[in-house]
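Peer 1: Listed below, chain by chain, are the residues.
Protein chains: 2
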Amino acid sequence: MNGDAASAVPDTPQRTETDDVVISIDAMGGDMGVAEVVRGMGMSHDKNPRLRFILHGDEAALAALISRNAPLAARTEIRNADSVIAMDEKPSKALRRAKGSSMSNALEAVRTGESEVAISCGNTGALMAFSMLQLRKAPGVDRPAIAILWPSANPGGYNVLLDAGADIRADAEDLLTYALMGASYARNASGLARPRIGLLNVGTEEHKGRAELHDAAGRIAAASEAGEFEYIGYVEGTDMASDRVDVIVTDGFTGNIALKTAEGTARMIREQLEEAFSYSTLSRIGAFFALPSLKRLQKRIDPRRVNGGVFLGLNGTVIKSHGGADATGISAAIKLAFTLAEIGFSRRLAERVAAIAPPRAADDGTA
Amino acid sequence: MNGDAASAVPDTPQRTETDDVVISIDAMGGDMGVAEVVRGMGMSHDKNPRLRFILHGDEAALAALISRNAPLAARTEIRNADSVIAMDEKPSKALRRAKGSSMSNALEAVRTGESEVAISCGNTGALMAFSMLQLRKAPGVDRPAIAILWPSANPGGYNVLLDAGADIRADAEDLLTYALMGASYARNASGLARPRIGLLNVGTEEHKGRAELHDAAGRIAAASEAGEFEYIGYVEGTDMASDRVDVIVTDGFTGNIALKTAEGTARMIREQLEEAFSYSTLSRIGAFFALPSLKRLQKRIDPRRVNGGVFLGLNGTVIKSHGGADATGISAAIKLAFTLAEIGFSRRLAERVAAIAPPRAADDGTA
Chain A
1 MNGDAASAVP DTPQRTETDD VVISIDAMGG DMGVAEVVRG MGMSHDKNPR LRFILHGDEA
61 ALAALISRNA PLAARTEIRN ADSVIAMDEK PSKALRRAKG SSMSNALEAV RTGESEVAIS
121 CGNTGALMAF SMLQLRKAPG VDRPAIAILW PSANPGGYNV LLDAGADIRA DAEDLLTYAL
181 MGASYARNAS GLARPRIGLL NVGTEEHKGR AELHDAAGRI AAASEAGEFE YIGYVEGTDM
241 ASDRVDVIVT DGFTGNIALK TAEGTARMIR EQLEEAFSYS TLSRIGAFFA LPSLKRLQKR
301 IDPRRVNGGV FLGLNGTVIK SHGGADATGI SAAIKLAFTL AEIGFSRRLA ERVAAIAPPR
361 AADDGTA
Chain B
1 MNGDAASAVP DTPQRTETDD VVISIDAMGG DMGVAEVVRG MGMSHDKNPR LRFILHGDEA
61 ALAALISRNA PLAARTEIRN ADSVIAMDEK PSKALRRAKG SSMSNALEAV RTGESEVAIS
121 CGNTGALMAF SMLQLRKAPG VDRPAIAILW PSANPGGYNV LLDAGADIRA DAEDLLTYAL
181 MGASYARNAS GLARPRIGLL NVGTEEHKGR AELHDAAGRI AAASEAGEFE YIGYVEGTDM
241 ASDRVDVIVT DGFTGNIALK TAEGTARMIR EQLEEAFSYS TLSRIGAFFA LPSLKRLQKR
301 IDPRRVNGGV FLGLNGTVIK SHGGADATGI SAAIKLAFTL AEIGFSRRLA ERVAAIAPPR
361 AADDGTA
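Each protein sequence line maps, in turn, to chains A and B. First residue of the first sequence: 1, per the numbering used here; consecutive thereafter. First residue of the second sequence: 1, per the numbering used here; consecutive thereafter.
Chain A extracted, bound-state conformation (with noise of 0.2 Å):
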C-alpha cells in the first residue's frame, strides 16, 4: 500500500470523481480458483480506472496472474498471506488460526483505513468472526447482520432482505436495528430515498405471528420518519419478490432458510425447464427459436449479477461473495463494493444507527 492510494480514502464521505477507490481483496477460498478472482478484478478494472486494488493471498501464484495484466498491475498491491481459512473450518476453530490468513489480512487493510471494503469468497462464518474481532461492531449494534439483494418486480429489479444468515437469531431491538441498516442500504446502494421496510411473518393480519414480532413492529414503525423510511407491516414469503416493498427484515435464521429455499426452487424449475426443451424434436425447435428469450431470462435472474451479501454494522463494510462465484461473479461485488466505498456507507449507517436506535442496556453502564 503506497501513500497516495491510502490518502484517497479520507475520513468523510465527500470525494471528487477522480478520487481512487481502494478495494481489499481475499484471493483464496473461492471455489473457483484465484484466477478467477484475477479475471474479475481486471473486469472491473477495465469499466472503472479508479479502482485500485490490496490482494491477498499466495503471493507468487498471483504475481504471476496479475502480471498478464499491466494496467491492472499498476493498480493492485499483492500482500503474501501464509494461510488460507478452508470453506469447511469451524468458525470457532478458524479463529484459532486467523492471523496471516489472507481473510484475516484483507480485513486488516478496513481496520487500518487503508480501504474502506473487503471483499472475500470464503466461509462466511468464519468472514463474519473475524469482521466482528478485527473491526468490531458499530455504536448501537448488537448483532451485525447480513444484506442480500433479492430479484424482485420492483422497477430496480431487487429487494433488499436482511439478515441472510449472520446470526440464527435476533430481538425486537435487533430487528429495529436491522430495519435502520436495510433502510440505509436500500438509500446509499439503491438509491432510494424513502425505503419501504416490511417485516418478514406468517400472515399480514396484526395477530399474526410470534411476540417479538409485534414488538419489533412497534419499534419499527414509530422509528419511520427519523429513519426516513415508510413501515408497511407485516410481509409474507410471497412477499419476496413482490414490488409493494424494498427492505424484507427477518432475522438470520429465517432469512437464510427463506434464501436457500428459493435458490433451491429456483434451480429447480431451470432444470425442469431444461428437461422440457430437449424432449423432442419439437421442443428442440422451439428450444432454438425461444434462445434469445431464454437467455435474457437468465440474465435478468443470473445471481452473478447481484452477487455479494454486505455484511451491515461494523466499522467498515465487508462483502461476501458467493463461494462459487466465477469472474462475472467478482466483478459483481467490486462493482458493489465501489459504490458503497465511494459514499463512505459504513459510516452513513453506523450514524443513522447511533442516532435513532436506543442504547442497549448493557451499552450504557446500567446492566
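Keep in mind the hints are simulated off the structure, nothing from the lab.
Identical copies go unnamed one by one, so any copy, or any two together, can satisfy a pair.
BS3-like, lysine-lysine: derived pairs with alpha carbons at most 25 Å apart: (1) 137 x 208; (2) 208 x 90; (3) 93 x 208; (4) 295 x 335; (5) 208 x 99; (6) 295 x 47; (7) 99 x 137; (8) 137 x 93; (9) 335 x 47.
Since we're looking at a predicted model, the values are computed, not measured.
Assemble the complex: chain A is given as a structure, and chain B must be docked to it using the hints.
Peer 2: Frame of chain A; chain B shown alone:
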C-alpha cells in the same frame, strides 16, 4: 347420512375393496364458489365409484348444483349449514360463531365417526382451531401440524414438509412428534417403507443452528428404529426439493415462510418466462413450438395437483384445500382424502406416536 355408509367406516383399518369411503366436505368458504367444489366431486366420483360424500353448506344452492349430476347425487348427502366462516376471520372470533357453520358441521361428521376425513377450502386458522376443539389432539401430540407435499426430484415427485403453519412455535419434543407423524404420513400416503427424515436448519454441519434443534436432532435419531424411518440429519432450504430426503421437519413459522417464499419464487419465474416468450416475433415463434414442452412442465409443477395440506395429530384427518382451488384442485384433495380414509390413517398415526413419543410432563400428572 344413511346407515349403510356409516357401517362402511369400521373401527379397524382392514377393508375390502368394495367398501364405500365417506368424505365430509365443507362446500363453503373457497374463493371459487360452491360450483367448483361440486364439479371437483363429480370428477372424483367419475374415477372412483367407491366414494360417498356428506356435503355441508347452503342446502338450496348445493341441491340445485348436485341435481344436474344424477350418479353423484345418489352418492351425496347434503346437510344444510346456517353460516359460513369468512376467509379473513380471526380464529378467536370465528370460534364464537362456529356452531352451525359448514366448517364445524364438516368436522362434526368426523367426530361422530360417520366420515374419517373432512375437507375444507376455508380459513386455515379457523379450521385448525375448530379441529382442535371438535376432534381433540391425539394422545401424545401436544401440537398438531400441517403437512404439505412439496414438488421434488424424488421418484414419487414430492417431499413432505411439516409443520407448514399450524403453530408458530415447536420445541424439541414437538419436532420429534412431527418426525413420527411425517414418517407415518409418507409411509401411508406415498407408500415409502422407510422414509428419510431431515431436520431443517441453516447448515448441515452438526454445530450449526439453534439449541432446540440440536436437542431435537438427538431425539429424532434415537427414535428412528422404532419409528421405522431413517434420520439423515440437518437439511437446508436448498434441499427442500432434493431427492436426498423424503420428509422435512421444521416449526410452523419457518415452514410457512419457506412454503410461501417458494410459491413467490415460482410465480415470479413463471411471469418472467411468459414475458420472455412474448418479447419478440422470434420468441413468440419459439413459444409456439415449445408449447407442448411448457405445458408438460406446467403440469409437473402445477400446485393444483398437490392440493391439500393435511392436519396431523388429531383424532381424525382434516384436509385444508387451497382457498383458490378449482375443480381439479378439489378433486386432488378428494383423492388424497380417499387414500387416507381407506387405510384408517389417523388411527395408525396416533398408535405410532403413542408408542414412541415419551409422555409430556403435563400428560402424566406430575407437572
